[in-house]
Amino acid sequence: MTAVVAEHDDHHDHHDHGPEKGVLRWLFTTNHKDIGTMYLVFSLIMFFVGGTMALIIRAELFEPGLQFVDPQFFNSMTTMHALVMVFGAVMPAFVGLANWMIPMMIGAPDMALPRMNNMSFWMLVAGILLMASTLFMEGGAPSAGWTFYPPLVLQTGNAMPFAVFAVHMLGVSSIMGAINVIATIFNMRAPGMTLMKMPLFVWTWLITAFLLIAIMPVFAGAVTMLLTDRFFDTSFFDAAGGGDPVLYQHIFWFFGHPEVYVMILPTFGVASTIIPVFARKPLFGYASMVYATGAIAFLSFIVWSHHMFTVGLPVAGELYFMYATMLIAIPTGVKIFNWTATMWKGAMTFETPMLFSIAFVVLFTLGGFTGLMMSLAPLDFQYHDSYFIVAHFHYTLVPASVFILMAAGYYWLPKWTGHMYNEKIGQLHFWLSAVSVNILFFPQHFLGLAGMPRRIPDYAIQFADWNMVSSIGAFMYGFSQLLFVYIVIDTIRGGTGEKVTDEVWEGASKHGLEWTVPSPAPYHTFSTPPEVIPTEHF
Amino acid sequence: MSEELKQKNAKLVKKLVIVALLMFGFGYALVPLYDVLCNLTGQNAKLQESAEAEQKFVVDENREVIVEFVTSVNESTPLDFRVETSSIKVHPGQYYTVNFYAKNHRATPIKAQAIPSITPGLAEEFFKKIQCFCFSLQTFEAHEEKTMPVRFVVNPKLPERYKTITLSYTFFDLTNNTEN
Chain A
1 MTAVVAEHDD HHDHHDHGPE KGVLRWLFTT NHKDIGTMYL VFSLIMFFVG GTMALIIRAE
61 LFEPGLQFVD PQFFNSMTTM HALVMVFGAV MPAFVGLANW MIPMMIGAPD MALPRMNNMS
121 FWMLVAGILL MASTLFMEGG APSAGWTFYP PLVLQTGNAM PFAVFAVHML GVSSIMGAIN
181 VIATIFNMRA PGMTLMKMPL FVWTWLITAF LLIAIMPVFA GAVTMLLTDR FFDTSFFDAA
241 GGGDPVLYQH IFWFFGHPEV YVMILPTFGV ASTIIPVFAR KPLFGYASMV YATGAIAFLS
301 FIVWSHHMFT VGLPVAGELY FMYATMLIAI PTGVKIFNWT ATMWKGAMTF ETPMLFSIAF
361 VVLFTLGGFT GLMMSLAPLD FQYHDSYFIV AHFHYTLVPA SVFILMAAGY YWLPKWTGHM
421 YNEKIGQLHF WLSAVSVNIL FFPQHFLGLA GMPRRIPDYA IQFADWNMVS SIGAFMYGFS
481 QLLFVYIVID TIRGGTGEKV TDEVWEGASK HGLEWTVPSP APYHTFSTPP EVIPTEHF
Chain B
1 MSEELKQKNA KLVKKLVIVA LLMFGFGYAL VPLYDVLCNL TGQNAKLQES AEAEQKFVVD
61 ENREVIVEFV TSVNESTPLD FRVETSSIKV HPGQYYTVNF YAKNHRATPI KAQAIPSITP
121 GLAEEFFKKI QCFCFSLQTF EAHEEKTMPV RFVVNPKLPE RYKTITLSYT FFDLTNNTEN
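These protein sequences, in sequence, are chains A and B. Using UniProt numbering, read the first sequence as starting at 1 and increasing by one per residue. Using UniProt numbering, read the second sequence as starting at 1 and increasing by one per residue.
Possibly wrong hints are sitting among the right ones.
Stated by the list, open to error - Taking CB as the label site, the calculated pair distances span:
no., chain 1, residue 1, chain 2, residue 2, range
1, A, 482, B, 11, 20 to 26 Å
2, A, 372, B, 36, 53 to 59 Å
3, B, 35, A, 460, 37 to 43 Å
4, B, 1, A, 451, 46 to 52 Å
5, B, 168, A, 482, 50 to 56 Å
6, B, 168, A, 451, 57 to 63 Å
Stated by the list, open to error - Simulated crosslink set (DSS-like; lysine-lysine; CA at most 27 Å straight-line):
no., chain 1, residue 1, chain 2, residue 2
7, A, 197, B, 11
8, B, 56, B, 6
9, A, 424, A, 197
10, B, 11, B, 89
11, A, 197, B, 15
12, B, 111, B, 128
13, B, 163, B, 56
14, A, 499, A, 21
15, B, 146, A, 197
16, B, 129, B, 89
17, B, 6, A, 197
18, B, 157, B, 146
I should point out that these hints are in silico values taken from the structure, not numbers from a laboratory. For each residue, glycine too, the CB sits at the ideal point set by N, CA and C.
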């Protein structure tokens with residue numbers, strides 16, 4: 001959209017205060033930019049915590065046999081790696097982006113509920129700390145997998161109730177964040193910013209927020225049932241009392257499948273924001289992007305049993321969930337087509353954000369294809385619980401969500417800090433990541449097809465070679481991410497020293513309101529709403 | 001922020017919180033819904049919970065069905081649990097009795113419940129038990145060994161495609177369960 005900003009608020013009125021000084025600024029802040037920054041920094045730290053756990057896993061799997069950790073701790077690592085990455089890294093990173101960018105993209109002065117915003121961040125920190133504290137408890141951290149399947153999870157030691165309460169806190173935090181996003185988008189848009197004019201990132205987050213409100217309470221209910229089964233003699237999942245463990249899987253995946261889209265829909269939004277800027281064309285098929293996002297969100301609620309093809313479903317159930325799952329490929333295909341069509345005959349340049357976005361389109365498609373393979377119920381019996389599924393969901397999360405988070409970092413860092421990042425090191429970071437992520441995850445397809453099960457600390461000798469390759473890729477990928485930390489710190493401190501313009505990227509101001517405010521973005525933006533001139537989509 | 005906007009936000013938040021609370025309830029509503037769906041699709045059908053009266057069938061001497069027996073205990077149940085034979089060949093319509101044995105290897109009394117399971121699930125309605133230790137909670141004195149006969153019949157109406165039926169029992173320790 002084209003926007004005319006009537007009045008920049010870089011010349012503050014006297015009563016307009018800047019940030020407080022010292023640590024209290026961060027503890028009590030209600031400013032969407034401060035909270036966004038805290039979310040982003042927190043998720044980056046968690047990315048390295050979860051990454052360290054992944055490297056412990058890959059170090060143990062470098063060779064067959066048991067080398068470094070005992071099997072119990074290994075299982076804790078697979079469980080905690082997943083929980084930290086899902087609830088500590090990827091989800092908060094997107095909430096951070098939402099906090100920073102949604103008000104600036106729709107011309108709002110702040111989020112609708114600033115105090116709740118602060119609370120949901122600190123609740124997240126408390127939840128993750130509670131989760132992490134289980135690592136030091138008798139009986140060890142949860143080790144039955146992040147899915148918490150009973151009856152296995154009921155054998156967890158003292159950690160069990162703490163893990164359940166941590167999930168409750170993370171759930172409440174996510175729900176508050178989601179309510180805030182919805183209230184901001186519904187009530188705070190600048191005049192003229194109609195729903196169908198919003199940038200795709202805002203649209204995808206709106207839909208994601210509704211998903212979160214619908215699913216997090218269901219997950220909270222499922223873990224509460226586990227808790228009462230363990231401590232209060234209920235029998236939701238206990239066969240002795242007439243319950244059924246398979247019921248847990250149904251409830252969990254009713255949450256779990258939309259949950260994976262919570263991590264991918266905002267990814268789609270950022271990709272749809274970045275690709276048009278560097279292709280110097282409007283986004284191809286804006287309306288179809290919105291409808292495709294809605295369709296994917298709807299379908300996510302009716303396909304959950306494709307995670308459980310092997311538990312013994314009726315044939316009609318297998319068929320229904322198989323066909324419904326295959327349907328998801330259609331709206332997803334629309335999106336991939338639109339991104340490609342946006343780039344088609346565009347005057348493309350390949351700065352780091354664009355490189356990560358293109359890699360996302362290619363590698364996410366690959367992850368999508370393996371998903372399509374597993375949607376076929378008869379084939380899934382072979383892939384189930386093997387390294388093939390591990391390869392599949394890591395392709396849809398690492399070179400997709402994480403790559404796009406990196407792209408978003410590079411794309412908006414100049415706006416956040418007012419400095420340009422070091423493009424050379426950025427490109428080095430990209431190429432190292434793009435090559436190593438494939439060395440890391442591609443061989444896992446072969447391992448899975450050859451029959452290597454997931455979540456085991458030791459394996460048969462015939463899997464040795466590809467595991468070694470995968471582990472080498474893991475360490476390459478892990479350590480190259482330190483470059484990103486270096487770049488972020490370097491950019492905050494002044495970067496290349498080059499003064500960045502308000503629009504930063506050539507022509508970006510046609511693509512989003514955030515590029516019409518000064519760089520760095522002042523503490524308060526759009527105190528007076530901008531006037532959004534109704535034009536065609538960019 | 002204007003008063004009007006504050007009110008608008010508060011109203012929306014209220015609605016969204018209600019949605020979240022309803023979804024929490026929905027998670028629990030899935031529990032009875034699951035039983036209904038399982039019954040409709042014949043999966044995981046609620047197994048026979050009490051004895052059937054013995055009724056006369058025409059014995060089909062020409063047909064043989066293999067009935068297999070599987071015994072197991074849940075992780076912490078202190079029972080040695082076995083069956084006299086792992087499988088027998090039966091004629092549909094004829095009554096058979098098979099003995100199961102369980103011994104408490106603890107020096108304290110225990111209470112345990114056996115949970116049956118029949119595979120394939122759709123054959124369940126043709127497999128009738130006249131007598132079974134699974135119909136009630138079993139009490140074992142210290143080191144007591146029990147012989148527990150199971151009397152059953154396979155209904156001759158069992159469709160031809162079923163050649164083998166597996167009957168499995170798992171004992172769960174309910175000694176410390178306050179509900180009993």
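Now for the hints, and whether the structure bears them out:
1. Taken as a hint, the range 20 to 26 Å is violated for the pair residue 482(A) and residue 11(B), whose Cβ atoms sit roughly 47 Å apart.
2. In this structure the supplied range 53 to 59 Å is violated for residue 372(A) paired with residue 36(B), their Cβ-Cβ distance being about 32 Å.
3. Between residue 35(B) and residue 460(A) the C-beta distance comes to about 41 Å, which sits within the given range of 37 to 43 Å.
4. As the Cβ distance of residue 1(B) to residue 451(A) is approximately 60 Å, the hint placing it in 46 to 52 Å is violated.
5. Our hint of 50 to 56 Å for residue 168(B) and residue 482(A) holds, since their Cβ atoms are close to 54 Å apart.
6. Checked against the given bound of 57 to 63 Å, the beta carbons of residue 168(B) and residue 451(A), roughly 27 Å apart, lie outside it.
7. At roughly 25 Å between alpha-carbon atoms, residue 197(A) and residue 11(B) fall within 27 Å of each other, so this suggested pair holds.
8. A threshold of 27 Å between alpha carbons decides the hint, and for residue 56(B) with residue 6(B) the separation of about 76 Å lies outside it, so the pair is violated.
9. For the hint pairing residue 424(A) with residue 197(A), the CA-to-CA distance comes to about 35 Å; that exceeds 27 Å, so the pair is violated.
10. Of the supplied pair hints, the one linking residue 11(B) and residue 89(B) is violated, its CA atoms being roughly 69 Å apart against a limit of 27 Å.
11. Restraint check for residue 197(A) and residue 15(B): the C-alpha separation of about 25 Å stays at or below 27 Å, so the hint holds.
12. This hinted pair checks out: residue 111(B) and residue 128(B) have alpha carbons roughly 25 Å apart, not beyond 27 Å.
13. At most 27 Å may separate the alpha-carbon atoms for a hinted pair to count; residue 163(B) and residue 56(B) meet this at roughly 22 Å.
14. A C-alpha spacing of about 26 Å is found between residue 499(A) and residue 21(A), which places the hinted pair at or below 27 Å, so the restraint holds.
15. For a cut-off of 27 Å, the pair hint linking residue 146(B) to residue 197(A) is broken: about 76 Å separates their Cα positions.
16. As the CA atoms of residue 129(B) and residue 89(B) are separated by approximately 16 Å, the hinted pair is consistent with the 27 Å bound.
17. For the hint pairing residue 6(B) with residue 197(A), the CA-to-CA distance comes to about 24 Å; that is within 27 Å, so the pair holds.
18. For a cut-off of 27 Å, the pair hint linking residue 157(B) to residue 146(B) is broken: about 34 Å separates their Cα positions.
The earlier numbered hints that this structure contradicts are 1, 2, 4, 6, 8, 9, 10, 15 and 18.
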